[in-house]
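Which chain is which? The protein sequence lines are Z and D, in order. Reminder that position 120 of the first sequence reads as 483 in the numbering used here, one-by-one numbering, no gaps. Reminder that position 340 of the second sequence reads as 334 in the numbering used here, one-by-one numbering, no gaps.
Note that these hints are calculated values from the structure, not bench results. In this text, a Cβ means the ideal position worked out from N, Cα and C, and glycines have one as well. Among these hints, one or two may not hold up.
[As the list claims (entries may be wrong)] Quick list of in silico lysine-lysine cross-link-like pairs, BS3-like style, CA-CA up to 30 Å:
id, chain 1, residue 1, chain 2, residue 2
1, Z, K379, D, K349
2, Z, K430, Z, K508
3, D, K322, Z, K379
4, D, K257, Z, K508
5, Z, K508, D, K328
[As the list claims (entries may be wrong)] Not the full set, but computed from the structure, chain Z residues with beta-carbon under 7 Å of chain D:
id, residue
6, F373
7, S463
8, V464
9, T514
10, R517
Now for the letters of each chain:
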Amino acid sequence: MGFFFMGIKFGLDSTKFKELSLNAMGHEKKVFFDDAGLSGQERLFFEAWSSQALQTSVFEPGKDLLKSGVVPLYAYVITSGEAKQVSDENSPEITYGPGSVLGLADGLAGTQSPSTITAITAVNVKLIPIDVAISDISSLNSGLKGICRFTLFRILGNRLLNEPDWIR
Amino acid sequence: MKLRSDSVSGPFDSVLTEAAARSDSIRKETKSAAVKLYDSLVIAFGERDIPEEYTPSSLDSRGGIEPERLPPVHDRPEAPIENASEKSSHLSPGGAEGVQAIQGQTPPAASEISQKAMPESTPTKTPEKNGEFNDLTSNGIGIRGSTPVIQINEDERNVGRDSATGSRDQKSKGVPDITAEDKKSVQPKSEPKVELKTNTDSNRSVEVKQGSNLGERQVSITSAASAKTSVESITNVESAPRELEENEVFFPRNSFLFAKGDKADFFYVIVSGKIQLIEPRGQTLIATLEPPTSFGEQAILAGGIRSLSAQAIEPTICKAYSVDTLGKLLDRAKGTNKPVIYALLLELYMRNDIKSHQVSGN
Chain Z
364 MGFFFMGIKF GLDSTKFKEL SLNAMGHEKK VFFDDAGLSG QERLFFEAWS
414 SQALQTSVFE PGKDLLKSGV VPLYAYVITS GEAKQVSDEN SPEITYGPGS
464 VLGLADGLAG TQSPSTITAI TAVNVKLIPI DVAISDISSL NSGLKGICRF
514 TLFRILGNRL LNEPDWIR
Chain D
-5 MKLRSDSVSG PFDSVLTEAA ARSDSIRKET KSAAVKLYDS LVIAFGERDI
45 PEEYTPSSLD SRGGIEPERL PPVHDRPEAP IENASEKSSH LSPGGAEGVQ
95 AIQGQTPPAA SEISQKAMPE STPTKTPEKN GEFNDLTSNG IGIRGSTPVI
145 QINEDERNVG RDSATGSRDQ KSKGVPDITA EDKKSVQPKS EPKVELKTNT
195 DSNRSVEVKQ GSNLGERQVS ITSAASAKTS VESITNVESA PRELEENEVF
245 FPRNSFLFAK GDKADFFYVI VSGKIQLIEP RGQTLIATLE PPTSFGEQAI
295 LAGGIRSLSA QAIEPTICKA YSVDTLGKLL DRAKGTNKPV IYALLLELYM
345 RNDIKSHQVS GN
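Chain D on its own, in the form it takes in the complex (with noise of 0.2 Å):
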């Protein structure tokens, strides 16, 4: 039975308004509640997710919410938010492996997370564990409307963690999670350890930054020989074929390392995959490079300019030096090595000129 205000009347009129005002602001109050707890429900679990009853407008012709029906989630509304950035980076296809240790299913497709795999999460509710609850939706992919995000910095992961001890805060408890025993098996096994990024002004560099944590480890190229190819084209296109260990590079296939007249910051050593050395004058291809070939030998001096195209033709990884390391290294050799070794470097720079000049018939 439902009491308005402004359909009682007799004898007990003023203890039946006051009591149907009550309900008045006891409903209001409900509402407000539900719209604010539909608004959680939305945010973690998306609104395709949530049931037809649940939604404000049902609520209220209901006079209510029956929290008995709710879908599993814990009593912190606000937390949501920051966990999903969390256990998006956790389940992005940098950590695909790990999905699948957790859930036994075959990792999706980056580009399918959030189109295909989403709307046919279920939330689910998995034991508690080390006072953490580890929440994960039936497809492993955690928390509905989060895109895969790429980077995640420390300061960004350590929201919501004490600072000495690195475990939830007081604010953070019940928070749907990950626990440390499930992100050995969602992240990688070793901490990817280079991450690339293009130099947008002038379309030539590739900057390398190690030690970077990164929730996939794309890479993203530009060149002046490539500057069409936007780095979203080509990130997400590939993905490593497996964890890159220290130093290491990926290129996706048909990405350009680099091009005739960059800047030589590094030098490569190929593990796996092929490159091809491109002499853009007349499109000359002057070599096709396969492990354990190294190429870029310009980055041994500093200020080195490139005086070929690399291209990758395959997913491939490669070692990186940097212009820093090689300098090091060469300034402990001693004798002739440091002439000699300029010398061998410039010999190749004939041979390929002269390559070059013969294919090309200039």
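Extracted from the complex, chain Z is given alone in its bound form (with noise of 0.2 Å):
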């Protein structure tokens, strides 16, 4: 018999970010930052969720996001909607909600999705690219691809057996 595990849900709430035009640059972006109590993650949720250099798309229902076993080729910052986790009874069910990324350190280590991941809800979502965002952070400077480097250590600990090129 196996552990009971509580379903988690990680979600963050993006109702905040409809008082502000996603187009919103500047003055009026720093207002919004600096008026609307936003926490860490929901800064870095929305600085993602309103870049221009990402492109949007849809998941209906059922459809997969990740696929335990593979490497994903693209990450996912979910804008609305519901994935979930699928569980076994070695592990919770987890609910990912706005501002869950799937799958980015994995696509930029080159390591296979752990779990399969599959819309519950109409998902949208902000799509990174892996090539893309590979190529751009291999020409950053050292400090931010350090801080690249170390984070992508803390997301997947003993996942991550060998480095990858970009890293260096």
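Since each chain sits alone in its own frame, please combine them into the complex, following the hints.
Next comes the structure, spelled out in structure tokens:
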């Protein structure tokens, strides 16, 4: 008999962002940042969500965003909707809502996704093509590249067996 | 023989009376001078190091002082106060290796300086160098009664110095001092660059000032979670195991770098030691970080808030980068870099949040 885990749900409140146009820049954006009382996560989410460099996409309910054992080619930042990590008896069921980032660390490190994640509602995402991300990161200065590297280590832990070339 | 004005009589009364009065006057002046000199000696060397025969009462009973028996001291009674602070700053824990270099002795611990080492001090005079005297006590502490000075600002350091040349002015000549050559060995090889000050109002922020010149490189940290850990309880407990380089900060064992909810002002890269990231809700250990790991990425966004608490579980040295530094780096990032970095950090948040829920069972 396996362990019983309570379901876990991760999601950020994106309703605050509705006060601001996605195209807001400069002073308007700064005022929003200063006045909205956003947490660190919400600020990061807002920056990724409002980025003009990323395209958007939609997953219909039942579609897989990530498949277990496959190295992701795209990473996703969920802007609305919910996706569920298929659980087994040894792992909890995890529901990912707005603000969830799926497959980025695995994609950048070239490691296989440990689990399958399936949309349970219509899921709007920001798309991050892994090959473009690796190419761009490779041109970063050493300081920011170092931040990416350390962050990757912390996300993947023991799953990061080999350091990818772009990290060096 | 002593003459007293109230004990003379006879034909030479007037002469003797005048001589006795003159003698009394001289004695009073001498005593006054002795008291002033004694006070100066106490300031310079401490009361316990002044021989009994030079106390005002003793001097009075003997009718004066015997200059040739005075402890070696330079001919300027006002100056030692200034030099006491300057010298103590050089000989405080931050410059301990310099003490060792000069004296060939193991530098005393910071806590021992005022209590243990000082009473054993015997003023000694070393040869004059470059027109300045280099006086140190036998244990290299310098002036008794001067407790270790943690911070000496440049204004204080330059008291008595010529503003243009940096040399001692006329008033300060002959004062016990450390020559430039000695200063090289007494002061840290590289000036400490980072000074941490606590924001006691909010108990949650750490201020780093670069280019500060500290006598010792102690770091004082407060945070919301460690509000009870006062600055004083951390200061002087541990000192950095080595000289700190630019942007490096030392955190004593068990000190909190920041707490969940704190404003994120700095991003850290561990150089040595260990840091634990803790989710205060349920006291969940999220990660134990070792070199060369980084943490505190929340600082990448101005106004970011810490999502976890960070505690040094060993004496730890980190490189600290400010929000401004990170912001400038990020502004230069092109293409998808900016949103990718944000998304990567967000994924880390998400994993940490999920992990804390898994561990705490909530």
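Each hint, compared with the structure:
Simply put, K379 of chain Z and K349 of chain D have alpha-carbon atoms about 26 Å apart, close enough for the 30 Å limit, and the pair holds. Of the pairs offered as hints, the one joining K430 of chain Z and K508 of chain Z holds, with about 28 Å between alpha carbons and a cut-off of 30 Å not exceeded. Annotation: proposed proximity of K322 of chain D to K379 of chain Z holds, straight-line Cα distance about 27 Å (limit 30 Å). Our distance criterion of 30 Å between C-alpha atoms is met by K257 of chain D and K508 of chain Z, whose separation comes to about 24 Å.
The hinted pair formed by K508 of chain Z and K328 of chain D meets the criterion: a straight-line CA distance of about 13 Å does not exceed 30 Å. Below 7 Å, beta-carbon pairs count as interface contacts, and F373 of chain Z has one with chain D at about 5 Å; its hint therefore holds. Hint on S463 of chain Z holds. Least Cβ distance to chain D is approximately 6 Å, under the 7 Å limit. Look at V464 of chain Z: its Cβ gets to within about 4 Å of chain D, closer than 7 Å, so that hint holds up.
Of the supplied interface hints, the one on T514 of chain Z holds, with its beta-carbon coming within about 5 Å of a beta-carbon of chain D, less than 7 Å. Contact between R517 of chain Z and chain D, as hinted, is supported at the beta carbon level, the nearest pair being about 6 Å apart and thus within 7 Å.
Of the numbered hints given earlier, the model fails none.
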